[in-house]
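Chemist: Taken in sequence, the protein lines are chains A and B.
Residue numbers for the first sequence follow the numbering used here, so the first one is 10 and each next one is one higher.
Residue numbers for the second sequence follow the numbering used here, so the first one is 10 and each next one is one higher.
Check each hint, because a few of them may be wrong.
Listed next, with one range per pair, are the computed distances between beta-carbon atoms [stated by the list, open to error]:
id, chain 1, residue 1, chain 2, residue 2, range
1, A, Val222, B, Val175, 33 to 41 Å
2, A, Arg99, B, Leu161, 23 to 31 Å
3, A, Phe323, B, Ser70, 41 to 49 Å
4, A, Arg99, B, Ser70, 56 to 64 Å
5, A, Asp220, B, Leu15, 50 to 58 Å
6, B, Arg180, A, Ile117, 40 to 48 Å
7, B, Arg180, A, Gln157, 50 to 58 Å
8, A, Thr259, B, Leu66, 40 to 48 Å
9, A, Ser154, B, Leu15, 33 to 41 Å
10, A, Gln157, B, Leu15, 56 to 64 Å
Honestly, the hints are just simulated from the structure, not real lab data.
Here the structure is a predicted model, which means the values were calculated and not measured.
Glycine is no exception: its CB is placed at the ideal position from the N, C-alpha and C atoms.
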Amino acid sequence: MSELATPAASVAAVPRRMRWLWYLAAAAVIAVLPLVFTDSYWRTNLIVCAINVLLAIGLDFILGYAGQLNLGQSAFYGIGAYVSTLLIIRLGVPFWPAFLCGVAAAGISGMLLSLFAVRLRGHYLAIASLGFAVITYEILLNWISLTQGPLGIYAIQPPPPLVLPGLAAIEFGNLANLFYLVAAFALLAYWLLDQLVRSPVGETLTAIREDEVSAASLGINCRAWKVFAFGIGSAIAGAAGCFYASFIGTLVPDAFFITGSFTMLAMVVIGGMGTLIGPVAGAILLTVLPEVLRGIGDARLIIYGIALTLVVLFMPGGMVQAARLMAARVRRRLPQRGLAADARP
Amino acid sequence: MLTVVLQQGINGIVVGSLYVLVALGLTLIYGILVQINFAHADIVTFGAFAAYFSMHLFGGSYLAAVAVAVVVGAVLGWITNALIFAPLRERGSELLPLIATIGVSVTLENAMLAWFGPIPYAFETPYSNQVIRFGFGFITLQNLFIIVVSALTIGALYAFLKFTFVGKALRAVSQDRETAGLMGINPNQLIMLTFVIASALAGMGGAMLGPVLVLTPFAGTSVILKAFAIVIIGGFGNVEGTIIAGLLIGLIESYTTQFLNPGLIDIVVFALLLLTLAVRPTGLIAERREENV
Chain A
10 MSELATPAAS VAAVPRRMRW LWYLAAAAVI AVLPLVFTDS YWRTNLIVCA
60 INVLLAIGLD FILGYAGQLN LGQSAFYGIG AYVSTLLIIR LGVPFWPAFL
110 CGVAAAGISG MLLSLFAVRL RGHYLAIASL GFAVITYEIL LNWISLTQGP
160 LGIYAIQPPP PLVLPGLAAI EFGNLANLFY LVAAFALLAY WLLDQLVRSP
210 VGETLTAIRE DEVSAASLGI NCRAWKVFAF GIGSAIAGAA GCFYASFIGT
260 LVPDAFFITG SFTMLAMVVI GGMGTLIGPV AGAILLTVLP EVLRGIGDAR
310 LIIYGIALTL VVLFMPGGMV QAARLMAARV RRRLPQRGLA ADARP
Chain B
10 MLTVVLQQGI NGIVVGSLYV LVALGLTLIY GILVQINFAH ADIVTFGAFA
60 AYFSMHLFGG SYLAAVAVAV VVGAVLGWIT NALIFAPLRE RGSELLPLIA
110 TIGVSVTLEN AMLAWFGPIP YAFETPYSNQ VIRFGFGFIT LQNLFIIVVS
160 ALTIGALYAF LKFTFVGKAL RAVSQDRETA GLMGINPNQL IMLTFVIASA
210 LAGMGGAMLG PVLVLTPFAG TSVILKAFAI VIIGGFGNVE GTIIAGLLIG
260 LIESYTTQFL NPGLIDIVVF ALLLLTLAVR PTGLIAERRE ENV
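Chain B with its partners taken away, still in its complex shape:
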């Protein structure tokens, strides 16, 4: 019994750290822009397919495939900002960018469905079948790779935001864009940078999700719905809260599958989301931004 709990705990952390990668992008964008990028889901899916095809077309290295996905994600993020968010920013509308990215997402998802078909792709990496056994259970090398790479990436992002000048500027802009502008920070460049970082994370998340979940054109959408739940439970725009909530949702998902019924995962996650909204809409960690609540 204990073995099962621990084993499912590992699986939960693997999935949870991927959710954190995807949700962090949403949180960063929300933090700086107070906007939701619905097309984030499709950047995840694009990342997964980019990694899959680069592995199968150019042969071999999974690491290179992850790098390709990161670049593809970054480029897509830059495009999303340049074509959708930057033009709409001047209008100062709250909901129009969200509606526009819903349109982008519907377009991309169905375009991928037309190109790649609905049949799941078997995304096997060289690490998928290598198992490390230890005291109470086992972990595939792929899952270990996911945990290590996610932890390093999240740590690097955290250090970047906390300690570098650009990171501090990013946080300054997300706290008060006008004052930051007066201090000589160019908000538009930082917003662009945020989109690139957020979408690179999404691409990376996709490249690592592909081998773990089922790779179809809808892969990103199923993840993004949980990522929305995570950013709300963690507190929109809150990096620490997002990390905690992401791991929590991963564990909940894993234990729901083990002890209840896999069909209940979405119900449990979204019930938790609605409960959070009703009881503590600022998220797990109290947050300064109150005006949207």
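Just chain A, same shape as in the assembly:
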């Protein structure tokens, strides 16, 4: 398991007091992005990016920190989307209570799966979560009276505007507004996870990841913490699902097929598991890259697969490890170059 422990903690090199500057910079970037990308095509992609960031950091909390390979993230995503949408269109529940229910449903199913598989780790958990994803997909596909099966749920109305005191109303129908909402939520989730992983909770989870037996011998309740990590990670995926449904307007089971879990896994691993900034970078890269290289079309997944394999083989810390190596090399070269210049007669 030690391979999962990429030099994660060294992000903490940024002094604690300075960290709010990064959040400020991130908020500024989020504020500017829809102003730079004014066409609806790119604004749509921005929202997809924000949703994928949510999915990736949620998965990373389970995989990178708690060390549990969760291949069921696509199911939690789907549960969030379907539960919130069905509550809205069948029972007329307002959006935000339905959102909370979607998040809770995804979180609770994550905790139940983790409880069910509580004695399992490693491969068994991976396959149990894959099985859970297959069952969820098949239920969405076959429970036609509830989900309309493969026909899907069409023409989902965007929720009414969210009016925050002191701010303009946030219109769901407006892509820039919706991006602000989802991105703000992603930033909030990132901040929450960041606080968690820097607290003793993060150290506890890392201890379980590295060596469960030793962790248990220190009096850590491994089961409870794994269930906790699963609950948080899957609830975040559920939130992503609620936003997805409100934005895309159409729900079909195929959006939540197990391929989605593999894509999210690729985002986390390529970005750098066991760090929070890595999956964010991975999610953005894997969302934007296929749009930039538009010619590749269906080859998108081929490229994800190759990249995933190569990263595991040669750079298990992903983009974060690559960036650190590059930074270290630059740092090493700069004074050396100075010395070489001095040595020249």
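Given chain A, work out where chain B should sit, using these hints.
Modeler: Chain B only, in chain A's frame:
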């Protein structure tokens, strides 16, 4: 009614013995390496397409096509071990090889989708339309071929593991790699051999699945999900348990199709998987390996 039960029983055994071929490969690899090869699915699909194309390009013999699939599978297994598992073995990580083979599987599946397209191939063998009738029902010659070839292969594998020196060495390595190494057994060669045998079985399974199931680039994936369920229900690394569980899943699938709804197959199979994990995570047959449970 009884006729239907018996007839579906035959169909279940046909499908089940194919599942056993695929699942045995996973079990062998898990037994010796405690690793899961996710790309096993794509070796099955490659085997099916290799058999299909060799029959259609070189004309005729289905037996030769199965042999081609076995060779293709063996070569792919050797490559998988050499490129993925052998380099990662030194790092001693539990999950990285699994993640890497998920990457390989996603790549191969979508590459095959690009080459062969999503439209199912009609894989008809000379035996597909020959029907043997007997007392209560019928069986196509193709299905009889599948049962006989699978039974012979599984029997031969079982005898190989039980009675030959190499087979005993394989079991020794899977029980305790270091002690086996001290006895002069080279684990790396045996791991390579295991991958070749396991993947040859997958290739053979693919060549025989092609004519029975729908042949698309996703054929292997749908089978592998059930194969995962089978190896867990049978007890990971346990050959006897895998054979029993494979036939059981084949029968369950067949009766679910007949008496319930084909759409429920995966739900039933995976519910059984989750139930096994919750109630008896060592599988049907109790097993020595406890550390992963």
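Chemist: Now tell me, hint by hint, if it's right for this structure.
Modeler: Okay, the hints, checked on the actual structure:
For Val222 of chain A and Val175 of chain B, the hinted distance range of 33 to 41 Å is satisfied, since their beta carbons lie about 34 Å from each other. Range check, Arg99 of chain A to Leu161 of chain B: Cβ separation about 55 Å, and the 23 to 31 Å hint is violated. At about 43 Å, the beta-carbon gap between Phe323 of chain A and Ser70 of chain B stays in the expected band of 41 to 49 Å. Between Arg99 of chain A and Ser70 of chain B the beta carbons are some 58 Å apart, a value that agrees with the proposed interval 56 to 64 Å.
For Asp220 of chain A and Leu15 of chain B, the Cβ-Cβ distance of about 53 Å falls inside the hinted range of 50 to 58 Å, so the restraint holds. Checked against the given bound of 40 to 48 Å, the beta carbons of Arg180 of chain B and Ile117 of chain A, roughly 44 Å apart, stay inside it. Separation of Arg180 of chain B from Gln157 of chain A is about 52 Å and conforms to the stated range, judged on CB atoms against 50 to 58 Å. Checked against the given bound of 40 to 48 Å, the beta carbons of Thr259 of chain A and Leu66 of chain B, roughly 43 Å apart, stay inside it.
A hinted range of 33 to 41 Å holds for the C-beta pair Ser154 of chain A and Leu15 of chain B, which are about 34 Å apart. A hinted range of 56 to 64 Å is violated for the C-beta pair Gln157 of chain A and Leu15 of chain B, which are about 38 Å apart.
Against the hints set out earlier in the document, violations occur for numbers 2, 10.
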